[in-house]
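Protein chains: 2
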Amino acid sequence: MTYRPICVLGLGLIGGSLVRAVSGAPSGRKVWGATATDSTADQARADGYDVEPNVDAALQRANEEDALVVLAVPLPAVPAVLSRVHEVSPTCRLTDVVSVKRAMRDAVRQHAPQTRYVGGHPMAGTEESGWAAGSATLFQGARWVVAADEGLDLEVWSEVTELAWDCGALVVPATAEEHDAAVGRVSHLPHLLAAVLAAVALDEGPAGVSQGKLALSLAAGSFADGTRVAGTRPELVLAMCQGNREGLLAAVDDALGRLGAARGSLASTGGLAATVNAGNRARSRWEETRAAEPILIDRDIELARLRALGRQGAVLAGWRSPS
Amino acid sequence: MTYRPICVLGLGLIGGSLVRAVSGAPSGRKVWGATATDSTADQARADGYDVEPNVDAALQRANEEDALVVLAVPLPAVPAVLSRVHEVSPTCRLTDVVSVKRAMRDAVRQHAPQTRYVGGHPMAGTEESGWAAGSATLFQGARWVVAADEGLDLEVWSEVTELAWDCGALVVPATAEEHDAAVGRVSHLPHLLAAVLAAVALDEGPAGVSQGKLALSLAAGSFADGTRVAGTRPELVLAMCQGNREGLLAAVDDALGRLGAARGSLASTGGLAATVNAGNRARSRWEETRAAEPILIDRDIELARLRALGRQGAVLAGWRSPS
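One line per chain: the protein sequences are A and B, in this order.
Sequential numbering of the first sequence, starting at 1, is according to the working numbering.
Sequential numbering of the second sequence, starting at 1, is according to the working numbering.
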């Protein structure tokens, strides 16, 4: 069997890693990329990858070779690239790797409504960015959400899922709403709390002078880990957090409620057991979750069943029977 | 020159690492320990270390060999051990490795008032605990606060500082109040935020059923780092957080204010730039702080000068001129 070629638009950390991962994948399928940044294109070509001169050329080739197109640009750049898709390859099979799924679905409906779109989101990344930071192994063992909203094209769903597996990832099916609520809690809230924690330590006074030089000099393990993602480029954090306003707001409100309750308890009885025990139990549950065995699925599985599996915390590793 | 022997009371992660570090240190000084837990004593002896049968015997030997005594038990166990110090070795040179300094100072004043006490706090640790988790290199490059409160014994200050250097650590001088305020921000608050973040992801409903199975299955890098210390044994986290009520309350209030401001901004304009940029700047400042060159100090330096250095974020690596 011949696997469908992949056309990656955007060669940053995720797009660049995708090009590398697919190039070395067992399927042996073709992959090419495009980027609006000439220096990035030069770098990627110098590293031996197939890069088209521009987005239009990459999409033209996607037409000719019937490729699966992957949008790998930050959310603010999405509408412009979708407009090119609509112009050059309006009915292509389309997925993306953007970290918010409702805003992406809305953008596709608005700017490229005829595409056969199934959203995706590989839960992988580092605090670095750009082509040079990418790696063929970035997705190994990572979770990759593939949208399972009612009404989408199951054939494209299978192909996006196979792309994720090809990159060594495990697939989690979810609706756009479920995805955004979940990543608000486990990805966007961590970024916001990391920023808050770092700022509390720096403790800048009104004149912008740090009152926290002693504190910063003492900050080690728990602070280093708790603020690691605050080192991410702010524009990337803003794009994903602001793009998931509703999901993040719910998570922030939950966090404010829990932190406020801890504050009240510390001030009154001095006790933090409820907060600390709940956190310890939740961390243990997460570790158990990570250790759970991935499952295989049938080729004729339905969307409703996929969504149910996702809600149970299942991760999908492959087809039950080979084709 | 012969270095003063060290008597370590408590052989958990920190005390056990201290015994190992001093045993292999360039000073070649003697070190022995004691613990209330027989199985730990057996383990430590089997690993080749010098362990007295009980705390009283270790303190008796400290008397005979004029040792520096190091309290390395959790805060709740401190009063009982201090009472033994007062009984067996009432005027000994005393330090500790407990993570709160005001509560420790108060406990020493109450239970062992005649000791020559200079508090200490090595900023090192992992989410593990117990003798087996210890390591001779735990303190390498770590910051070690040595109390610089007005009126304390500068001779003992120098000896505690030399012990920290002997273990490969860098010394930060601070008053008990400054220490507690700083660690409230960079150590205790991170533990509390980690607990809150983990609990938000698990999202337990009223019946204790997790509504967050999908979220937990997606949680990766930012969540893994942000909740790492939630895996610490709850009783250890509670001992340090509850023992620093005042310092932690100030840090929590600052965090609540910043998170509330971010929430308001996200809900109204949708913008998080102020929060995210401040966090990114603070993380960069911390990285610069970590890269700063440690300094050497004069042997006749005064306490006021030491405190000033600590407030500027200086870390001390040794004496300016060898003795």
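Keep in mind that the hints are not guaranteed to be accurate.
[Stated by the list, open to error] Across the chosen pairs, the derived CB separations fall in these ranges:
hint, chain 1, residue 1, chain 2, residue 2, range
1, B, 270, A, 130, 57 to 65 Å
2, B, 130, A, 46, 50 to 58 Å
3, B, 265, A, 304, 46 to 54 Å
4, B, 270, A, 288, 53 to 61 Å
5, A, 277, B, 270, 47 to 55 Å
6, B, 155, A, 204, 52 to 60 Å
7, B, 270, A, 77, 53 to 61 Å
8, B, 293, A, 77, 38 to 46 Å
9, A, 260, B, 293, 36 to 44 Å
10, B, 293, A, 137, 56 to 64 Å
11, A, 204, B, 90, 42 to 50 Å
12, A, 38, B, 204, 44 to 52 Å
[As the list claims (entries may be wrong)] Chain A regions said to be covered by chain B (calculated; three or more residues, Cβ under 8 Å):
hint, stretch
13, 255-267
14, 305-314
Hints listed in this document are in silico derivations from the structure and should not be mistaken for laboratory results.
Note that beta-carbon positions come from the ideal geometry of N, C-alpha and C, so glycine has one too.
Against the structure, the hints come out as follows:
{"no.": "1", "hint": "B/270 to A/130: 57 to 65 Å", "verdict": "violated, 26 Å"}
{"no.": "2", "hint": "B/130 to A/46: 50 to 58 Å", "verdict": "holds, 51 Å"}
{"no.": "3", "hint": "B/265 to A/304: 46 to 54 Å", "verdict": "violated, 38 Å"}
{"no.": "4", "hint": "B/270 to A/288: 53 to 61 Å", "verdict": "violated, 36 Å"}
{"no.": "5", "hint": "A/277 to B/270: 47 to 55 Å", "verdict": "violated, 35 Å"}
{"no.": "6", "hint": "B/155 to A/204: 52 to 60 Å", "verdict": "violated, 38 Å"}
{"no.": "7", "hint": "B/270 to A/77: 53 to 61 Å", "verdict": "violated, 18 Å"}
{"no.": "8", "hint": "B/293 to A/77: 38 to 46 Å", "verdict": "holds, 42 Å"}
{"no.": "9", "hint": "A/260 to B/293: 36 to 44 Å", "verdict": "holds, 41 Å"}
{"no.": "10", "hint": "B/293 to A/137: 56 to 64 Å", "verdict": "violated, 36 Å"}
{"no.": "11", "hint": "A/204 to B/90: 42 to 50 Å", "verdict": "holds, 46 Å"}
{"no.": "12", "hint": "A/38 to B/204: 44 to 52 Å", "verdict": "holds, 51 Å"}
{"no.": "13", "hint": "255-267", "verdict": "holds (count 9)"}
{"no.": "14", "hint": "305-314", "verdict": "holds (count 5)"}
The structure does not agree with the numbered hints 1, 3, 4, 5, 6, 7 and 10 stated previously, though it agrees with the rest.
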